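Participant: Produce the entire structure from the sequences given, and follow the hints as far as they go.
Chains as they are written, first to last, in numbering that gives the first Met the number 0: chain A, 0 to 417; chain S, 0 to 293.
Honestly, the hints are just simulated from the structure, not real lab data.
These numbers were taken from a predicted model, which means no experiment stands behind them.
Some hints could be false.
Simulated pairs of lysine-lysine, DSBU-like, Cα-Cα distance not exceeding 30 Å [stated by the list, open to error]:
1) Lys326(A) - Lys310(A)
2) Lys56(A) - Lys120(A)
3) Lys326(A) - Lys238(A)
4) Lys414(A) - Lys145(S)
5) Lys238(A) - Lys405(A)
6) Lys224(A) - Lys405(A)
7) Lys97(S) - Lys202(S)
8) Lys145(S) - Lys310(A)
9) Lys238(A) - Lys145(S)
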Amino acid sequence: MKKLLALVLAMLLALGCCAAFAEAEPITLDVIICQYGPNTQDWFLGKGMNGTNFVDKFEAENPGIKLNLQVVSWNDVYTEVSTRISNNNAPDILNIDVFANYAAEGLLLPVSDYCPDELFKDFFPSFIEQSVVDGTCWAVPDLASARALYVNQDILDEVGVEVPTTWAELEDVCQAIVDFYNGDVYPWGIDMTTDEGQAAFSYYVWNNDGGFVDADGKVALNSDKNVEAIEFAIGLYNKGFTNPNPATQTRYDLQDMFGAGKLAMVIAPNQLPSYLADKGYTVNFATAALPTNEGATPGATGVMDRVMAFKDDSYPDQAARNEAIGKFLTFFYAPENYVGWVSMEGFLPAVNSSVAALVESDPSFEAWLGVLDSCQFYPTALDNWDAIKQGVIDVEQQALTGGDVKALLDDLQAKIAG
Amino acid sequence: MNTIPIRHKWEPYVWLLPSILLMAIFVVFPIGIVFKLSLSEISKAGIVGGWNNFENFRAAVRDPAFGTVMLNTAVWVVSVVGLSTLLGFITAMALNVKFHGRRIARSIVVFPWATSLVIQASVWNYIIKGEYGNLNNVLLNLGIIKSAVNWRATYQIEFAWECGVGIFVTIPFVAFTVLAGLQSIDKAYYEAATVDGAGFWRKLWNVTLPLVKPSLTVCTVLNIIYVFNSFPIIYTITKGAPANKTDTMVTLLYMRAFYDNQKGAATAMSVIGFAILCVCAGAYMMVTMRKEEQ
Numbered sequence: 000m001k002k003l004l005a006l007v008l009a010m011l012l013a014l015g016c017c018a019a020f021a022e023a024e025p026i027t028l029d030v031i032i033c034q035y036g037p038n039t040q041d042w043f044l045g046k047g048m049n050g051t052n053f054v055d056k057f058e059a060e061n062p063g064i065k066l067n068l069q070v071v072s073w074n075d076v077y078t079e080v081s082t083r084i085s086n087n088n089a090p091d092i093l094n095i096d097v098f099a100n101y102a103a104e105g106l107l108l109p110v111s112d113y114c115p116d117e118l119f120k121d122f123f124p125s126f127i128e129q130s131v132v133d134g135t136c137w138a139v140p141d142l143a144s145a146r147a148l149y150v151n152q153d154i155l156d157e158v159g160v161e162v163p164t165t166w167a168e169l170e171d172v173c174q175a176i177v178d179f180y181n182g183d184v185y186p187w188g189i190d191m192t193t194d195e196g197q198a199a200f201s202y203y204v205w206n207n208d209g210g211f212v213d214a215d216g217k218v219a220l221n222s223d224k225n226v227e228a229i230e231f232a233i234g235l236y237n238k239g240f241t242n243p244n245p246a247t248q249t250r251y252d253l254q255d256m257f258g259a260g261k262l263a264m265v266i267a268p269n270q271l272p273s274y275l276a277d278k279g280y281t282v283n284f285a286t287a288a289l290p291t292n293e294g295a296t297p298g299a300t301g302v303m304d305r306v307m308a309f310k311d312d313s314y315p316d317q318a319a320r321n322e323a324i325g326k327f328l329t330f331f332y333a334p335e336n337y338v339g340w341v342s343m344e345g346f347l348p349a350v351n352s353s354v355a356a357l358v359e360s361d362p363s364f365e366a367w368l369g370v371l372d373s374c375q376f377y378p379t380a381l382d383n384w385d386a387i388k389q390g391v392i393d394v395e396q397q398a399l400t401g402g403d404v405k406a407l408l409d410d411l412q413a414k415i416a417g
Numbered sequence: 000m001n002t003i004p005i006r007h008k009w010e011p012y013v014w015l016l017p018s019i020l021l022m023a024i025f026v027v028f029p030i031g032i033v034f035k036l037s038l039s040e041i042s043k044a045g046i047v048g049g050w051n052n053f054e055n056f057r058a059a060v061r062d063p064a065f066g067t068v069m070l071n072t073a074v075w076v077v078s079v080v081g082l083s084t085l086l087g088f089i090t091a092m093a094l095n096v097k098f099h100g101r102r103i104a105r106s107i108v109v110f111p112w113a114t115s116l117v118i119q120a121s122v123w124n125y126i127i128k129g130e131y132g133n134l135n136n137v138l139l140n141l142g143i144i145k146s147a148v149n150w151r152a153t154y155q156i157e158f159a160w161e162c163g164v165g166i167f168v169t170i171p172f173v174a175f176t177v178l179a180g181l182q183s184i185d186k187a188y189y190e191a192a193t194v195d196g197a198g199f200w201r202k203l204w205n206v207t208l209p210l211v212k213p214s215l216t217v218c219t220v221l222n223i224i225y226v227f228n229s230f231p232i233i234y235t236i237t238k239g240a241p242a243n244k245t246d247t248m249v250t251l252l253y254m255r256a257f258y259d260n261q262k263g264a265a266t267a268m269s270v271i272g273f274a275i276l277c278v279c280a281g282a283y284m285m286v287t288m289r290k291e292e293q
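Facilitator: Below is the structure:
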């Protein structure tokens, strides 16, 4: 009897040990986060989260999950990720802007595998739609920013013109500024560089009822509306209304010119005010909607980044891994953490639960949230978005050097769709 | 009593082993990888697949910018190497003459070379900027121009600026290699030539040139390789814009690999560039060496 008891006890002890051991073995998640600004690193890994940081706080609240988190600059992140994929060492969780190639090549987990329902319902539906391919959602938005027109109010007042709302008015205002300053102030900023020329494309085609895709989501780059829009933009350059070198002057160059009072109007994201303040510019500016072609529906440009999870078939307990990824997301989007993250670099939120707190902390958010509602986004769910983006920038730059917009867009459409 | 150390035939190889290992790991192995990649399918996400029947090379050659960029590369290499060699040679001749402050002059000439290329290119980028460019500021303040001039009005002009910067930063390298060659020439040759009644040009042509030729050859071959592979100047000033019209092979392949997600085509371009360089540098060396033998 004693022997039996001892045996049972020993077995129980062994089982207990096993269970304890199993519990103690932590899951380590490899996470790559993009560097949005000077505070990103500090918030995730330093002391930027009220004296602590994201990783420490997460690990304290979620025993059994370790984070191997790395903050990578936007310049390097694509190379970093593709190198890791080539070496069969993809991160578990990735924060980046595009997802379609990873999804198309079967590298991603569907969001439904790991994202808790309650959290999924919290995302703005119009944002979630941007990451859906054939009915499956592959990524969730981490934040967004929206673009608006910024005008130098002092310049407009001095010239005696109002903020333009239509393309016709825009040309008149530009002409008035050119006449008044005799060329010393550039009326209108255009950035058609390889950095962000696709944004310029969107500013004009979306304000002329055109776009990258048609109503069915098929690539439609050479529509008449698009041709008209890009011809209008190139026309502004040809008439001498813009900065002199749109192919090499990036948005940051334009923002600096705007800050220095050398450029009267520029399209920029909602972080422009903090950019100007950080650089010590004191320019009296106002914001407005982008000018629209007569009769067209106004279209604002939104930019969204994402969080996605990669498959790792080698991991023994997939359910536990999915749960850990879910816990990471739940923690990240919890208002007490997420509000700090979004407001830190002046971005706009992607979930409803943080809106109230954000508006309370900065009332100017409210107007931007309105803009977000009407925003259109790049068709990043297409797996040939890379080629589209590169193609429209090439068209713009060819047109700047005298190329025919229609012929160029026809060629591009044939190349992309054919 | 002197002891003659016993040397084995393999001894030199032992001493060479560290450099051979370093070269193998950091040069030969990566080159091999690039060759392999250029023949493999590479997905947009970065997955390396199998042999794809030279599809990467076809994609590279079919690239709409390929023709323009090859031409640009030729213009870039010939103008930068050619003009910097000429100007560097003249500089070396000047620095070889004794004058007050020659040491200072020599150190000033080396400055552009001692500064990182990215910094040089950024500084030039600021100098020629239309709005706040230093060039405009200086000329405006001196009253030479009335209003700011756009110093980069067309892409041809921008490319010319880039070549100019390339020449400027390459001159010191040529000047110092040639100067070393000039200093090793025995003065007796010039004295003999003077006695025979040779003038400046005659001495330059028949004494100086033949004697600095070995250093000039090495310097030109190295220059062709450096300039062909030079990336920072063009990337900093125009990034190849507009529409790849100011790209050279190296900047184009960088854009294709890291901006446009065409890694396959980019690796193929890199192999093509390697082949072109091998042929050009090899041909140049063979021609000059053969002449020397004659």
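Participant: Does each hint hold? Answer for all of them.
Facilitator: Verification of the supplied hints:
Taking the CA atoms of Lys326(A) and Lys310(A), the gap is about 17 Å. The hint holds against a cut of 30 Å. At most 30 Å may separate the alpha-carbon atoms for a hinted pair to count; Lys56(A) and Lys120(A) meet this at roughly 25 Å. For the hint linking Lys326(A) to Lys238(A), the alpha-carbon distance of about 55 Å lies beyond 30 Å, and the restraint is violated. Taking the CA atoms of Lys414(A) and Lys145(S), the gap is about 47 Å. The hint is violated against a cut of 30 Å.
For the hint linking Lys238(A) to Lys405(A), the alpha-carbon distance of about 19 Å falls within 30 Å, and the restraint holds. Between Lys224(A) and Lys405(A) the alpha-carbon distance is near 11 Å, which keeps this suggested pair within the 30 Å criterion. Between the alpha carbons of Lys97(S) and Lys202(S) the distance comes to roughly 18 Å, so the proposed pair stays at or under 30 Å and holds. Restraint check: the Cα-Cα separation between Lys145(S) and Lys310(A) comes to about 63 Å, which exceeds 30 Å; the hinted pair is violated.
About 22 Å separates the Cα atoms of Lys238(A) and Lys145(S), which keeps this hinted pair within 30 Å; it holds.
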